[in-house]
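Please build the complete structure, drawing on both the sequences and the hints.
Protein chains in written order, with our numbering: chain A, 1 to 413; chain B, 1 to 413.
Note that these hints are calculated values from the structure, not bench results. Hints are not guaranteed to be accurate.
Which copy is meant is left open, so a pair is good if it fits within one copy or across any two.
Here are the simulated BS3-like pairs of lysine-lysine, each with C-alpha atoms no more than 30 Å apart in a straight line [stated by the list, open to error]:
id, residue 1, residue 2
1, Lys32, Lys402
2, Lys402, Lys306
3, Lys58, Lys392
4, Lys346, Lys392
5, Lys68, Lys306
6, Lys32, Lys383
7, Lys392, Lys306
8, Lys402, Lys376
9, Lys175, Lys32
10, Lys113, Lys132
11, Lys306, Lys58
12, Lys175, Lys383
13, Lys402, Lys346
14, Lys32, Lys132
15, Lys402, Lys113
16, Lys32, Lys346
17, Lys11, Lys58
18, Lys346, Lys132
19, Lys93, Lys383
Keep in mind it's a predicted model, so treat the numbers as computed, not measured.
One letter stands for each residue in the lines below.
Protein chains: 2
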Amino acid sequence: MSTTVSPLAPKSFPDMPDIEGVQFSTAAAGIKYEGRTDVLLATVAAGTTIAGVFTNSKCTSAPVDWCKARIGAGKAAALLVNSGNANAFTGKKGYAAVELSADIVAKSLGSSKDEIFLASTGVIGEPLPAEKFSDVVDDLKANQGSANWLEAAKAIMTTDTYPKISTASVELDGKTVAINGIAKGAGMIAPDMATMLSFIFTDAAVAPDVLQNLLAGETCNSFNAVTVDSDTSTSDTVLLLATGAAAERGVDPVTSMDDQRLDVLRAALADVMVDLAHQIVRDGEGARKFVEVRVEGAETDQSAKKIALAIANSPLVKTAVAGEDANWGRVVMAVGKAGEPADRDKLAIWFGDIRVAVEGERDPDYSEAAASAVMKEEDITIKVDLGLSEGKSSVWTCDLTKEYVAINGDYRS
Amino acid sequence: MSTTVSPLAPKSFPDMPDIEGVQFSTAAAGIKYEGRTDVLLATVAAGTTIAGVFTNSKCTSAPVDWCKARIGAGKAAALLVNSGNANAFTGKKGYAAVELSADIVAKSLGSSKDEIFLASTGVIGEPLPAEKFSDVVDDLKANQGSANWLEAAKAIMTTDTYPKISTASVELDGKTVAINGIAKGAGMIAPDMATMLSFIFTDAAVAPDVLQNLLAGETCNSFNAVTVDSDTSTSDTVLLLATGAAAERGVDPVTSMDDQRLDVLRAALADVMVDLAHQIVRDGEGARKFVEVRVEGAETDQSAKKIALAIANSPLVKTAVAGEDANWGRVVMAVGKAGEPADRDKLAIWFGDIRVAVEGERDPDYSEAAASAVMKEEDITIKVDLGLSEGKSSVWTCDLTKEYVAINGDYRS
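If you want it as structure tokens, here you go:
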């Protein structure tokens, strides 16, 4: 946790409505950090459904394995999250630690172990002292109450410089239902996915398979469309929990993908997820610029996304942005290395509104002064039109600064 | 061209023997730089064969396109290389510039335009003022003489901090034949390939198809096994020219892949190419550490190479090396993100001789002090044993430092 807040941080926090059926408490278990909260316990109403999306890493953490084995059942009672230790690459000790963690929570709450979901973030390769949860579980239980979203987001921070929260509301059956989310993650943020945790709650009632479908679909254009450094963590976890408490207020459960109300629900979920994903990028380690990379005119959307990620992950593009240099040659380079269909002589490139290249060469009308002015902004859009077909995609990233190197060259000590 | 030589630079330059049938001269054409040479003309004896390997970028430079169209014929008369401007993403002007460049050289030498090979390195997207070659071509021709390898290597430098030369000799038919090479390239060095130029010459007589086979085969474990920042340039070019002058001394031409003498020739070529590739990494922008990543026990060699590259390209691994931090958790992360077969609980990881992790967790005998001592070395080996099968691969990289960001955030200005 840094003492200096990212200059790209949102200027204010949103007011978060209550989500009926969700209670939070936090504690300082001393997992690694001293003098700050490092554990979040969220309990949810009976009947809460859950969906999850996890890292594509081949070396997943023990809590990711735990959750993956239980997400299919779609039922949740509680969520225990700690920061300071990722319980990743901890071998048999890691399995024992998740068993113990779930056991401690399940016994305290009197619920089934298989409905306790777990997430851990922090250092990899150190055994997680899960027995420390015993010391705080009674307090966590006693302090459960109306969710304090900001405190919850703070408890799960690692190298984050600010807590990340977001909310959206929609009308279903004439009643308001809300979606609230929290997230953490600063470095090691890249698709599929990142040292990135996000927990999203709604009071809508949604069947587990519909919930899973919604979450997986929206992850692609939010958490899987941001990248800080192309690195992928062992621990990425996004969980979406639907308490169903709104059913008591007359909001019918959503049980089918054909439900007409899914469009508004999906749009609100997308708003929360994209907002949280952007907040993660804006807290990229050492970030000074927020960059949208928009690729159009590709053969397919998938091809556009690969090219956009090649640009967004290029150290040379990212250092050029850090240096406020409208270096479109490096964008061409990144398009070229993506390995996707591209015709150099149809390429056009913009920084902000300034077209710097067209038809395979420097735009004859290009003003270096105008492009340089764009690069001085805090938020920068790099747009590439491949001129081939209709495929398009946007991804978001940040610049690569000396501070990134300083933060990551010194992380463990 | 930097005024501060990389601390990883070789301590001395090798004595380079003459290669019969090769002449060099350099000139200062003022392409971009002032007060230094920026053009190399190499002329080769009649009958010289040539092979080439080029970038896999989809946005290749005009000189790469020029060479690719002519390499199949396998015949070379001369090579013109400039630094300061890559003639990449220069549209129709780029095509015109290579035509003009080849024309200027061909007319001066009285040779066929199609036997003039071209390479350019430097800024992308700026038209190359090829007419400037007219001003120097007569001097270049007049000054042709016994090749000065060091001066040639200096003329093609961009952000390089030292010239890169290498040599090896072998006995063929009881006579000595030599292989000399020069190279340039500091940033944007990644497989397939990099802002990397290398020109290698031998006095052996080798048929074009055999030469191409040799060069392509050895590129995989040399120039395509090094990475500085995962970025791939528009301009990468490796050319291998065989003058055949040794035939006059009784060395029979190599005309078939079944020739028994190929083994020694290949080994010597590999020595030169690996040496040059390592020199490129040792001159990685801002590099303070040279890192070998060795992956063993993978399903296949190809799988091992993908995992090795995922480790070598990981900004988090590279910043950890810069910080002299034996952070094997990030190595696990990189193994996981490679997407190749891996079983977390069979993984073992070494820094130098120190095994830090085994069977999916921290090695019980691991001494942090010993591992830290390894990280303080200038040359560091990271070894991963996947414990699955026999596949193995080594790649070489450098650390990621604040100097890399400074150099690349400031390149165009």
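Hint check:
Taking identical chains as interchangeable, the C-alpha atoms of Lys32 and Lys402 lie at most 30 Å apart whether they share a chain (27 Å) or sit on different chains (28 Å). In this assembly of identical chains, Lys402 and Lys306 lie within 30 Å of each other by CA distance both inside one copy and across copies; the values are 26 Å within and 28 Å between. Proximity of Lys58 to Lys392 under the C-alpha cut-off of 30 Å is found in both arrangements, the shortest distances being 29 Å within a copy and 18 Å between copies. For a Cα distance limit of 30 Å, the shortest separation of Lys346 from Lys392 inside one copy, 16 Å, qualifies, whereas the shortest one across copies, 41 Å, does not.
Both within a single protomer and between protomers do Lys68 and Lys306 lie at most 30 Å apart by alpha-carbon distance, with minima of 27 Å and 26 Å respectively. With identical chains, the CA atoms of Lys32 and Lys383 are at most 30 Å apart between copies only, with a shortest distance of 29 Å across copies and 42 Å within one. In the homo-oligomer, the alpha carbons of Lys392 and Lys306 lie at most 30 Å apart both inside one protomer (10 Å) and across protomers (28 Å), since each shortest distance falls under that limit. Taking the shortest alpha-carbon separations for Lys402 and Lys376, both the intra-copy value of 17 Å and the inter-copy value of 21 Å come in at or below 30 Å.
Taking the shortest alpha-carbon separations for Lys175 and Lys32, neither the intra-copy value of 44 Å nor the inter-copy value of 67 Å comes in at or below 30 Å. Taking the closest pair of Cα atoms, Lys113 and Lys132 come within 30 Å of each other only inside a single copy of the chain (18 Å); across copies the shortest separation is 77 Å, beyond that limit. Proximity of Lys306 to Lys58 under the C-alpha cut-off of 30 Å is found in both arrangements, the shortest distances being 21 Å within a copy and 13 Å between copies. In this assembly of identical chains, the alpha carbons of Lys175 and Lys383 never lie at most 30 Å apart, being 40 Å within a copy and 59 Å across copies at closest.
For a Cα distance limit of 30 Å, the shortest separation of Lys402 from Lys346 qualifies neither inside one copy, at 35 Å, nor across copies, at 36 Å. When the C-alpha separation of Lys32 and Lys132 is checked against a cutoff of 30 Å, the pair qualifies only within one copy, where the shortest distance is 11 Å, while the shortest distance between copies is 64 Å. With identical chains, the CA atoms of Lys402 and Lys113 are never at most 30 Å apart, being 45 Å at best within one copy and 47 Å at best between copies. Taking identical chains as interchangeable, the C-alpha atoms of Lys32 and Lys346 lie at most 30 Å apart only when they sit on different chains, with a minimum of 27 Å there against 53 Å within one chain.
Within a single copy, Lys11 and Lys58 get their C-alpha atoms no closer than 38 Å, and across copies no closer than 41 Å, so neither meets the 30 Å cut-off. In this assembly of identical chains, Lys346 and Lys132 lie within 30 Å of each other by CA distance solely across copies; the values are 29 Å between and 60 Å within a copy. Taking the closest pair of Cα atoms, Lys93 and Lys383 come within 30 Å of each other only across two copies (24 Å); inside a single copy the shortest separation is 47 Å, beyond that limit.
The structure fails to meet hints 9, 12, 13, 15, 17 from the earlier list, while all remaining hints are met.
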